[in-house]
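If you read the protein sequences in the order shown, they are chains A and B.
Here this note's numbering runs 2 ahead of the position in the first sequence, where the first position is 1.
Here this note's numbering runs 19 ahead of the position in the second sequence, where the first position is 1.
These are calculated hints, taken from the structure and not from any lab test.
Each hint should be verified, as a subset may be incorrect.
[Stated by the list, open to error] Pairs of lysine-lysine, DSBU-like flavour, derived with a Cα cap of 35 Å:
1) Lys203/A / Lys95/B
2) Lys213/A / Lys203/A
3) Lys164/A / Lys203/A
4) Lys39/B / Lys218/A
5) Lys356/A / Lys398/A
6) Lys299/A / Lys398/A
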Amino acid sequence: MNAFNRLMTGAALGLALAVTSAPMGIAETPANMLVIANRIDDITTLDPAESFEFAGSDVSRNVYQKLVNFDPMNLDAGYQPEVAESWTVSDDGKTITFTIRDGLTFHSGNPVTAADVEFSLRRAVILNKTPAFILTQFGFTADNVEQTIVADGNTVTITTDKPYATSFVLNCLTSTIGGIVDMKTVMANEADGDMGNTWLKTNSAGSGAYKLVSWKPNESVTLQSNPDFYLGAPAMERVIVRHVQESASQRLLLERGDIDMARNLNPEDIAGARGAEGVVITDELRGRLMYVSMNQKHPELSKPEVRQALKYLIDYKGMEGSFLNGQYVIHQNFLPRTFLGAVDENPFSLNVEKAKELLAAAGVESMELEVGVREAQERIEIAQTLQNTFAQAGIKLNITVGTAKQILARYRARELDVYLGAWGPDYPDPHTNAGTFAYNPDNSDEAQATGLLAWRNSWDTGGLTEKTAAAVVENDRDVRSGMYAEIQATFRETAPFAVMFQKIEQTAQRENVANVNLGGATTAVSYWPITK
Amino acid sequence: MAITDTNGGRRRAPLASWIKGTCLTLGSIAVTMLGLLFITFIIGRVMPIDPVLAIVGERASQSTYDAVYLQLGLDKPLLVQFLYYLWDVVRGDFGMSLLNARPVSEDIARVFPATLELATLGVIIGIVLGVPLGVIAAVRRGSWIDQIARVVALVGYSMPIFWLGLMGLLVFYGILGWVGGPGRLDIFYQDIVPSRTGMILVDSAIAGDWSVFRNAFSHIVLPAALLGYYSLAYISRMTRSFMLEQLSAEYVTTARVKGMSERAVIWRHAFRNIRVQLITVIALSYANLLEGSVLTEIIFSWPGIGSYITTALLSADMNAVLGGTVVVGLIFICLNILSDLLYRVFDPRSK
C-alpha cells in the first residue's frame with residue numbers, strides 16, 4: 003500500500019472513529035495470555051545457529067538461554083550471568099572459562115550441561131550459516147572447534163585467536179547464535195548429518211522462559227511458558243504472535259481488545275490510537291541507523307570539503323519533524339545510543355551557505371550525483387528531501403530506486419556515487435558497527451571486502467582502522483568506551499558517511515500490559531517479565 | 020459377444036472418439052502447464068531479485084553466498100535448472116520453500132483451503148444476489164431497480180477493495196461488533212477441531228463443533244461478502260446484458276403473444292438461453308477469486324494463496340512462486356473443463 007493509500011485509509015479511519023458515537027464493546031484477552039500483532043513474515047528459520055531476522059530473534063530470545071544475557075528490566079547493566087554462573091579470563095586474555103549453573107533444565111526435562119554448551123557453540127561454527135561470523139570472527143573454525151571450544155565437567159572454555167576484549171566476546175555470546183540447544187533432542191532429530199538443522203528450523207529445543215508450540219509461516223507463532231524457568235514461571239502462560247500485515251487492521255484489533263500489543267502501526271495509526279481509550283503508546287530506541295554514504299572513487303566526493311558540505315545539506319530536523327516524526331530521531335554517530343561508547347554529539351544541521359562555502363573551497367561549482375535507494379517509502383522520501391536541499395547548493399541528485407538486488411549489487415561493487423540506506427547492529431557490541439563503518443584494512447578492489455561499509459565506499463579510513471582494531475582488544479571497559487568516542491569524533495568530521503537518524507519503535511498496547519521491553523538497541527523482546 | 024459383433028463398429032467409434040478427445044484434453048493440459056511453468060520459471064530467473072541474497076542476507080560472507088548459490092543449483096545453465104525442476108514437479112515435488120525450509124506442497128496445502136473456503140462463499144454470494152439482480156435490471160430496464168443495480172455495479176468496479184474492506188472492518192467489527200476481526204478464528208478457538216480439509220467451516224461441521232463453526236463464520240462473512248460484492252458487480256452486469264439480448268429476440272415476443280406468463284417467458288425461455296454464457300462468467304469470476312485476492316487477504320489477515328504467492332515473490336522464494344503458479348494454473352484448467360462439461364448439460368447442441 004503506498005503512502006497515499008495509507009494516508010487515505012488513516013484519514014478515513016480517523017474520521018469514522020471521530021464522528022461515530024456508537025460505543026465499542028471492548029473484548030479482553032485472558033489474563034494469562036499475551037496476544038501480539040506483528041509482521042512475522044521475515045521468519046525463515048528458528049534454529050538459533052541460523053536465525054538472523056527480527057521476528058526470529060524475538061522468538062529465540064524467549065526460547066533459548068545463553069551463557070550470558072541481558073536483563074530486560076535493566077538493559078543498561080550489560081550482559082549478566084545466565085547459563086554461565088561465572089567466568090574467568092586467562093592471563094593472556096585469550097581463554098574464557100565458564101562455570102555452568104546447576105539446576106537448569108531444557109524443556110525436554112534434560113539437564114543443561116557443559117556438554118550442551120560445547121555442542122551448541124561448536125554446532126553454530128560447523129554449520130556456518132549466515133550469522134556464524136559472529137563466532138568465527140574469534141578464530142573458531144570447523145577444523146579447530148574441538149580445541150577451541152571444550153567442555154570439562156561443569157565448565158566450558160573457549161579460546162580465541164587473539165586477546166579480544168572480554169566484553170566484546172561476551173556481548174557476541176548474547177546474540178541469537180549463542181543460544182544453547184538440547185544436544186540429545188537435537189541429535190535425535192538429525193537428518194543427513196545436518197546436526198538437527200532442518201528439524202530446528204521449525205521446532206525448539208531450548209531451556210528459556212518459553213517453548214515453541216507452533217510456527218505457522220505468515221500466520222502465527224505460539225509460545226507456551228516454561229514452569230521450570232530458573233527465574234520463575236512467567237506470568238503470561240501463553241504468548242501468541244499473530245501476523246497482521248496491515249497497520250489499520252492491527253489498530254482495530256487493539257482498540258477492540260482482541261490483542262494486547264500492536265507492533266507495526268504507521269505514524270497515522272499511532273496518532274489515531276494515541277487518543278483511544280485503554281491504549282497507551284510507548285517509544286523505544288532501536289539500533290537501526292539511517293545513513294548516506296559517498297563513494298570515494300568519485301573525484302569530487304573524495305575531497306574533504308565536499309564530504310563536509312553534503313553533511314550540511316541534509317535537513318535533519320525537517321525530516322525528523324515531518325514524515326519521520328516519532329519513527330526516527332536525529333543521531334549522527336555510528337554507534338546507536340545505549341551502546342557502549344555511544345555519544346550524543348550531533349554537530350550537523352542544514353546550512354546551505356556553509357555548504358556553498360565548503361564547495362567553493364573545494365573548487366566545485368556544480369555537480370551531478372546518482373543516489374541508489376532501495377524501494378522503501380521512507381527512504382525514497384529521504385532521498386527526495388536530499389534532492390531538494392542538495393539542489394540549493396547546485397548539486398543535482400538523480401535518484402535511482404531499485405530492488406535490494408539491483409541497488410545492493412551496485413553498492414557492493416562500489417559503483418554508486420551516493421547510497422542511502424539503513425544499518426542495524428548484528429550483535430550488541432560497539433565493534434559490530436565500528437568494524438564496518440570505520441574499519442577497512444585493504445581498500446583495494448581486489449580485497450572484495452563487500453561486508454565492510456567503508457570498503458563499499460572505497461574509503462581508506464585514515465588511521466581509524468588501526469584504532470578500531472585496538473579498541474576491540476582493549477579490556478578496560480571505560481577505556482574502550484573512550485576509544486570509540488574518539489573514533490566517532492574523527493569519523494563524524496572526516497568519514498564519507500552522514501549518519502542521520504536512529505530508529506524509534508513505537509508500540510501501541512493495552513494499558514493493563516506492564517513490563518514490556520522490546521530489547522532496545524541491543525537485543526530482542528522479552529516476554530517473561532510481562533504482566534497484565 | 021453377438022451384440023458386440025453386431026454393433027461393435029458403432030460402439031467403438033464413440034469410444035475411440037472419447038479416448039481421442041481425452042488424450043487431446045490431457046495433451047492440451049500438459050502443454051499449457053509446461054508453457055506456464057517454463058514462462059514462470061524464466062521470469063523468476065530474470066527478475067531483479069536474488070534468491071541467494073534473500074536466504075543469506077546482505078551481510079553474509081562471499082563464501083557463504085557462494086555455498087548457497089551452488090546449493091540452489093544456480094551455477095547450472097537455465098535449461099538444465101528448468102529440466103531438474105520439471106522432473107521434480109512431475110513427481111509431485113515442488114521443492115522446499117527457500118525461505119522457511121518447508122515443502123512448498125505442504126505450504127500450499129495449508130494456504131489453499133483458506134482461499135478455497137473464502138472464494139467459494141464469495142462466489143456463492145455473488146451468484147445468489149448477482150444473477151437475480153441482473154435479470155430484474157434487464158426486465159425492468161430503466162427503472163429504479165435498474166439504476167440501483169447500475170450504481171451497485173459501478174461502486175463494485177471502482178471502489179478500491181482495501182478501502183472498502185477497512186471500512187467494513189471498522190463498521191461491522193470495530194463499531195458494531197457484529198463480525199469477527201482479522202484472521203480466520205478468535206484465538207480461543209484455534210486448533211480445537213482437527214484439520215481434515217483445511218476449511219474451518221467444513222472441518223468444524225464434520226467435528227460437530229458448532230461454536231467453532233459460528234466463530235469461523237463470523238470471521239469469514241465480511242471478507243466473503245466483500246469478494247461476493249465484487250463478483251456480484253460483474254455477474255449482475257453481465258447477466259443484465261445477456262438478458263437484454265434475449266428479451267429483444269423474436270422468440271420472446273412470440274412467447275408473449277402466445278399468452279405465456281411473464282415469469283415463464285423470463286425464467287423458462289430467456290434465462291435458459293443465457294445459462295451457458297453465465298457459466299463462463301461465473302467460472303471466470305470464481306477463478307479470479309481462487310487465484311487469491313491479495314489485498315483482501317492482507318486486510319483480513321487471511322492466510323490464503325494470494326498473499327502466499329505475493330510474499331514469496333517479494334522474498335525471492337521462487338520455488339514457492341512456481342508452486343503457487345502451478346496451482347493457480349490448474350485451477351483455471353479445472354474450471355475450464357468443468358465449464359465445458361456444464362455446457363454439455365445446458366446446451367443440447369454441444370452434445
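Hints and how they fare:
1. Lys203/A / Lys95/B: With Cα atoms ~28 Å apart, Lys203/A and Lys95/B stay inside 35 Å; holds.
2. Lys213/A / Lys203/A: holds, 14 Å
3. Lys164/A / Lys203/A: OK: Lys164/A and Lys203/A at ~33 Å, within 35 Å.
4. Lys39/B / Lys218/A: violated, 45 Å
5. Lys356/A / Lys398/A: holds, 18 Å
6. Lys299/A / Lys398/A: Holds, at about 18 Å.
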